[in-house]
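Colleague: Spelled out from the first residue to the last, the chains are:
Protein chains: 2
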Amino acid sequence: MHPLIQHIQKITGNRETDGQKILSYFEARMYKKKDLLLEEDKPCNAYFFVVKGCLRLFFIDSNGMEQTMQLALENWWMTDLDAFRTGRRSTYTIQALENAEVLVLSAKNYALLPEEIPLMEKYFRLMYERAFAASLSRVRMISRMPKNEIFELFESRYPEFIQRIPQKVLASFLGFTPEYLSELRKKRIEHKPL
Amino acid sequence: MHPLIQHIQKITGNRETDGQKILSYFEARMYKKKDLLLEEDKPCNAYFFVVKGCLRLFFIDSNGMEQTMQLALENWWMTDLDAFRTGRRSTYTIQALENAEVLVLSAKNYALLPEEIPLMEKYFRLMYERAFAASLSRVRMISRMPKNEIFELFESRYPEFIQRIPQKVLASFLGFTPEYLSELRKKRIEHKPL
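Read top to bottom, the protein sequences are chains P and G. Residues 1 to 194, numbered by UniProt numbering, are exactly what the first sequence covers, in order. Residues 1 to 194, numbered by UniProt numbering, are exactly what the second sequence covers, in order.
None of these hints come from the bench; they were simulated from the model. Treat each hint with caution, since some may be false.
Pairs of lysine-lysine residues, derived as DSBU-like cross-links and limited to a Cα-Cα distance of at most 30 Å, are as follows [to be verified]:
hint	chain 1	residue 1	chain 2	residue 2
1	G	K33	P	K147
2	G	K108	G	K32
3	G	K33	G	K168
4	G	K147	P	K168
5	G	K186	G	K147
6	P	K168	P	K34
7	G	K147	G	K168
8	G	K147	P	K147
9	G	K168	G	K52
10	G	K32	G	K187
11	P	K147	P	K187
12	P	K42	G	K147
13	G	K52	G	K10
14	G	K10	P	K108
15	G	K10	P	K147
16	P	K32	P	K42
17	G	K108	P	K10
18	G	K42	G	K52
19	G	K147	G	K42
20	P	K34	P	K108
21	G	K168	G	K186
Excised from the complex, chain P in its bound form (with noise of 0.2 Å):
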């Protein structure tokens, strides 16, 4: 079964799901490590579903460095949303860190799906009630937590991204410089228990 559709139905749990007739308004697309899925200032028409690799959205600046907002791996969306959902211009780009697999949802499509199978009605609400929640421990986080706190709880939440994500888009993500992650990370292990 196509992790989608799996996805869906861990969601809604619904089993009976019209797998070929929800991904006939996808389309299957692969990136090469490094490639952009969307640039910065231009119109965003693709809602991205990660089948396989691992997405980072970030934009530039005032100082020209990137600053990495979201991280998505497989089972994650992703899409500059604001300009998704409004038809403005994005304010980010989202590029690929690893080769990957997504699936891409069009403006269009997504307007039409949940009107045609209700069921993605329901799996778009729990994966944005979801998301919102996240992001609102994410908002704690930041903006109350000391910095080696912030590190211990994302580490403990997302052992995958540790592992997966190049320091330096991580330490942004997490607001640090890589330096001071850097530092953290040797910190924590020489006070491991051997």
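Let chain P serve as the given structure and place chain G on it in line with the hints.
Modeller: Chain G only, in chain P's frame:
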């Protein structure tokens, strides 16, 4: 027409709503200014829709300070979403900042409502989609923008908050000290063209 039904019609674009049926899932409640709607470390069984008034969601940090994380005016929803979704105890307190009239949706009715009235599935999907997009903008704002720009952006997007929310609460929400917020506001008044 009840404000909730107006809001559902506005968000979904659907004018054929059975208002009475939808409202039958909710309980109306009144709170006085400073009343608590939800307390930290208690079960969270209620989702609040603000009909009139203003709510805030906060926690007490390790220094005993109240940290306001969310604000809700008319037509906004508020709960400890993580606790409400998972059945875990709340990590927040919700308090009325003004006398408030709210509709309460229990966890049980929140599970029933979208199943029994499919339009509500669409309504919640669109509401979370917006809320998630706004939360992502907030993460970018608080983690990557200078404080004076945060205030300017917030002021332009949410002028009502500036008028209605007490200084101390507003400062906490923005991650400022009350003194810093007061300085910022003074400077802006001095620089306003006559």
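Colleague: Indicate, hint by hint, whether the structure satisfies it.
Modeller: Comparing the hints with the structure gives:
Straight-line distance between C-alpha atoms of K33(G) and K147(P) comes to about 36 Å, which puts the hinted pair past the 30 Å bound. At roughly 26 Å between alpha-carbon atoms, K108(G) and K32(G) fall within 30 Å of each other, so this suggested pair holds. For the suggested pair K33(G) and K168(G), the alpha carbons sit about 16 Å apart, so the restraint of at most 30 Å is met. At most 30 Å may separate the alpha-carbon atoms for a hinted pair to count; K147(G) and K168(P) meet this at roughly 25 Å.
Restraint check: the Cα-Cα separation between K186(G) and K147(G) comes to about 15 Å, which is no more than 30 Å; the hinted pair holds. A hinted pair counts as satisfied when its Cα atoms are at most 30 Å apart, and K168(P) with K34(P) qualifies at roughly 14 Å. For a cut-off of 30 Å, the pair hint linking K147(G) to K168(G) stands: about 16 Å separates their Cα positions. For the hint linking K147(G) to K147(P), the alpha-carbon distance of about 19 Å falls within 30 Å, and the restraint holds.
For the proposed pair K168(G) and K52(G), the alpha carbon gap of about 22 Å is at most 30 Å, so the pair holds. Annotation: proposed proximity of K32(G) to K187(G) is violated, straight-line Cα distance about 34 Å (limit 30 Å). Distance hint between K147(P) and K187(P) is fulfilled; the C-alpha atoms sit about 13 Å from each other, no more than 30 Å. For the suggested pair K42(P) and K147(G), the alpha carbons sit about 28 Å apart, so the restraint of at most 30 Å is met.
Between K52(G) and K10(G), the direct Cα distance comes to roughly 18 Å. Compliance with the 30 Å bound is thereby established for this hinted pair. The hinted pair formed by K10(G) and K108(P) meets the criterion: a straight-line CA distance of about 21 Å does not exceed 30 Å. Restraint check: the Cα-Cα separation between K10(G) and K147(P) comes to about 42 Å, which exceeds 30 Å; the hinted pair is violated. Under the criterion of a C-alpha separation no larger than 30 Å, the hint pairing K32(P) with K42(P) is consistent with the structure, at around 20 Å.
Restraint check for K108(G) and K10(P): satisfied, since their Cα atoms lie roughly 21 Å apart, inside the 30 Å limit. With a C-alpha separation of about 25 Å, the suggested pair K42(G) and K52(G) falls inside the 30 Å cut-off, and the hint holds. The suggested pairing of K147(G) with K42(G) is violated, with an alpha-carbon distance near 34 Å, which exceeds 30 Å. A threshold of 30 Å between alpha carbons decides the hint, and for K34(P) with K108(P) the separation of about 27 Å falls inside it, so the pair holds.
A C-alpha spacing of about 15 Å is found between K168(G) and K186(G), which places the hinted pair at or below 30 Å, so the restraint holds.
When the structure is compared with the earlier hints, violations turn up for hints 1, 10, 15, 19 and for no others.
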